[in-house]
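As they're listed, the protein sequences go chains V and D.
Whatever position you read off the first sequence (first residue = 1), add 64 for this note's numbering.
Whatever position you read off the second sequence (first residue = 1), add 81 for this note's numbering.
What the hints contain is simulated information worked out from the structure, not anything from laboratory work.
Be aware that a few hints might be false.
As the list claims (entries may be wrong) - Straight-line alpha carbon distances no greater than 25 Å define the calculated DMTMM-like cross-link-like pairs of lysine to aspartate or glutamate that follow: (1) V/K121 with D/E96; (2) D/K158 with V/E164; (3) D/K195 with D/E96.
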Amino acid sequence: DSGVTQTPKHLITATGQRVTLRCSPRSGDLSVYWYQQSLDQGLQFLIQYYNGEERAKGNILERFSAQQFPDLHSELNLSSLELGDSALYFCASSARDFQETQYFGPGTRLLVL
Amino acid sequence: AQSVAQPEDQVNVAEGNPLTVKCTYSVSGNPYLFWYVQYPNRGLQFLLKYITGDNLVKGSYGFEAEFNKSQTSFHLKKPSALVSDSALYFCAVRDINNAGNMLTFGGGTRLMVKP
């Protein structure tokens, strides 16, 4: 167990809908990362927050947004969902930022029908 | 841009034999390199990392990896494979010239250890 928690574990929804994925980092970790794992795109970095501020952005669609709250938990919001958004979404956390090891949560499996 | 290649989709090895999972990388500056393992229906588990120093890095569960700068490789190795090592293995790189701490992952290599 990495100490990173994600809810929900599974999510089934319809196209056009909006969902929110939640992540609680390991105790004391300031950085939170979101990754998407799909069969065709593999594991892709979406976005990183460090102590509440956006730190780095990857291949995140404009329909997706994230934030990190004062208690350091993070939420990933996915809107106007499409079939292709079906994937496993991972959250990871690290103590700080530079060169730190990232520890991954169990993931949220999203199925868009 | 940074990239990682894992040239083998699957590696098959008999239990007790040594195993190697290959990884090559491309970065503009010095790399930070990582190996993670993913078991079915689980998240990624950290195995080991290379930041600087000794080119041979030892990690969890008896795994080790060798950093080779001239060949831009970071192959994962284990002297004696176990059936329980069967899983999906990912190599990842972080370019120190990039802002933040984003990792770029390879496509993954499925390791099958047969009794």
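Verification of the hints:
| no. | hint | in the structure |
| --- | --- | --- |
| 1 | V/K121 with D/E96 | violated, 42 Å |
| 2 | D/K158 with V/E164 | holds, 23 Å |
| 3 | D/K195 with D/E96 | holds, 6 Å |
The structure fails to meet hint 1 from the earlier list, while all remaining hints are met.
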